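Given next are the chains, with one letter for each unit.
2 protein chains.
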Amino acid sequence: MPSNKSIIFKAVPDGYPVAGEHMELVTKEIDIENFSLADERYSSYEIGQVLDGYGIAIVVKSNNKKYQVGDYFVGLIGWEEYSHITANVVSAEALAKEIFTKFKVPESHFIGLLGIPGMSAYVGLNKIGQPKKAASGAVGQVVGQIAKIKGLRVIGSASDDSKIKYLEEELKFDGAFNYKTCNVDKKLKELCPNGIDIYFDNVGGETLDIVINHLNNFARVVACGMISQYNTKDHYGVKNLIQIIGKRVLIQGFIVSDHFQEMESFRKEMVEWFKQGKLKYKEDIVEGIQNAPQALINILTGKKFGKMIVKIC
Amino acid sequence: MPSNKSIIFKAVPDGYPVAGEHMELVTKEIDIENFSLADERYSSYEIGQVLDGYGIAIVVKSNNKKYQVGDYFVGLIGWEEYSHITANVVSAEALAKEIFTKFKVPESHFIGLLGIPGMSAYVGLNKIGQPKKAASGAVGQVVGQIAKIKGLRVIGSASDDSKIKYLEEELKFDGAFNYKTCNVDKKLKELCPNGIDIYFDNVGGETLDIVINHLNNFARVVACGMISQYNTKDHYGVKNLIQIIGKRVLIQGFIVSDHFQEMESFRKEMVEWFKQGKLKYKEDIVEGIQNAPQALINILTGKKFGKMIVKIC
Chain A
1 MPSNKSIIFK AVPDGYPVAG EHMELVTKEI DIENFSLADE RYSSYEIGQV LDGYGIAIVV
61 KSNNKKYQVG DYFVGLIGWE EYSHITANVV SAEALAKEIF TKFKVPESHF IGLLGIPGMS
121 AYVGLNKIGQ PKKAASGAVG QVVGQIAKIK GLRVIGSASD DSKIKYLEEE LKFDGAFNYK
181 TCNVDKKLKE LCPNGIDIYF DNVGGETLDI VINHLNNFAR VVACGMISQY NTKDHYGVKN
241 LIQIIGKRVL IQGFIVSDHF QEMESFRKEM VEWFKQGKLK YKEDIVEGIQ NAPQALINIL
301 TGKKFGKMIV KIC
Chain B
1 MPSNKSIIFK AVPDGYPVAG EHMELVTKEI DIENFSLADE RYSSYEIGQV LDGYGIAIVV
61 KSNNKKYQVG DYFVGLIGWE EYSHITANVV SAEALAKEIF TKFKVPESHF IGLLGIPGMS
121 AYVGLNKIGQ PKKAASGAVG QVVGQIAKIK GLRVIGSASD DSKIKYLEEE LKFDGAFNYK
181 TCNVDKKLKE LCPNGIDIYF DNVGGETLDI VINHLNNFAR VVACGMISQY NTKDHYGVKN
241 LIQIIGKRVL IQGFIVSDHF QEMESFRKEM VEWFKQGKLK YKEDIVEGIQ NAPQALINIL
301 TGKKFGKMIV KIC
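Protein chains in written order, with full-length UniProt numbering: chain A, 1 to 313; chain B, 1 to 313.
Hints in this document: simulated from the structure, not taken from any laboratory.
No incorrect hints appear here.
Heads up, simulated DSS-like pairs for lysine-lysine below, C-alpha to C-alpha not over 30 Å straight-line:
#: 1; chain 1: A; residue 1: 278; chain 2: A; residue 2: 187
#: 2; chain 1: B; residue 1: 127; chain 2: A; residue 2: 239
#: 3; chain 1: B; residue 1: 233; chain 2: A; residue 2: 239
Now the in silico label distances, taken between C-beta atoms and shown as ranges:
#: 4; chain 1: B; residue 1: 183; chain 2: A; residue 2: 285; range: 42 to 52 Å
#: 5; chain 1: A; residue 1: 65; chain 2: B; residue 2: 262; range: 50 to 60 Å
#: 6; chain 1: B; residue 1: 183; chain 2: A; residue 2: 230; range: 26 to 36 Å
#: 7; chain 1: B; residue 1: 12; chain 2: A; residue 2: 180; range: 30 to 40 Å
None of these values were measured; they are calculated from a predicted model.
Positions of the beta carbon are idealized from the N, C-alpha and C atoms, including for glycine.
Turn these sequences into a full structure, and let the hints guide you.
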């Protein structure tokens, strides 16, 4: 019987998780032939259970007519070598195997540029940001490029200088700064002398607070993520919220899955831009399931560059 | 020549303003006959200048064909016995003298129920709150009643117990609590066991922070005012903002004057409800211009009950 390496959720972290302590690599045998396929399984965020995330897998056993052995599956899968994808996950999944043959772009892009991060950028900017004339993470790099395609002036922020260089030199952003090392308020005054109309927020906390200071009247804040606040109990208190009244600011939290009905138009437009060379997408690929916990920690601490992808097998 | 008592802006307060110290009563003679009517005048928020606010005045001199001596004017006027209303203010004013004869409701209601506070309640609830199935200030008491008319379950919050009693017994809110004395988190759990869909925020600060904890998915926060944050340099830091992503919360700052094009439909519907007895409106009337500074301070500190109106003459 083949062995199956999995990363399980071992303990709730207090701050940032530690590989080994809060996530653990376990190896079990798996009897694929006699494995009983179910409609639902455990929740992935319970102690002792395998973690999950968006990934690409090849089907080795299936009782679903849409998926034959050898087909690709793109969607929520366990952090493991062999993962049991249940009917509820498959049916909730807007991504289907046909996409690989339909669009001819690198496979990994279906969990990045054309997956959840790309779609978060696309939907968040278009529907909430309402670009009228808007970074380096999985989402931010895409938002900035779409905004440039739409003719906006784009300033990016990221957490290290190599990313800043990439944003300015490769993605041709109009400016970029390291929010961890510079005086954000001063930088924004310098880079956005006419204020900010759209803020696509993936950071939250103090950065958001300072940005509010620079928002123009009728500005839109796309609240997509607040990575600075994920692993701390001592959340930063945003003090400038009072400004949103006089400035008539819109702040809208959103989750991309609410917008999956737009998957087709999103993908069609994005692939076109990608093939025209208008969109670049940086990936940070880590090899081996055993490195998945550290890869997650690197996302949380900013020690990665672009969409983090773990190549399991 | 008649004398004209005015309240001038004397100094910028550090925290709450103090009557006499930051606002001062001055008396000057005014030569009405030879007074030169101008298109524009000073800004009311400069040191030494007369303060202004929404009020009702009787015209004693006019070079505007629309306003004859003896007519009423409703709009922005100085805190003074005789006030010079310039052309730019008159033309910006959506409120016209005809309203008194058109709608037969108490005059004072045109700066309350049918004025800026009433319209803030109406527009904010309808356009941002999107009542699908939302207190005791000038705005809050109206929001709650409109929300009741629309069939919503309404919980009010106010800053003293007599207001709470009024909200519950007179306005028939489904519940009300004193946000200054009770444990807001506990109270909300008790009064809103199914969470909150619309929060009409006139308070901001800690109350907003706690409310975010109780918001449902897709909740709307109408950011109309943040009175807890107006007179302090040490703004409260809102820590729960991170929740707005997962809950897909909309937070929209707004100023009612952006919506003046809806004045007519607002007034028509409100007067109908008022005449049907579906809307009550509590006013706190203070006599004498000399008491205006303290009246303002009472708004800021919550020591008033309903729309604050100063009867100058």
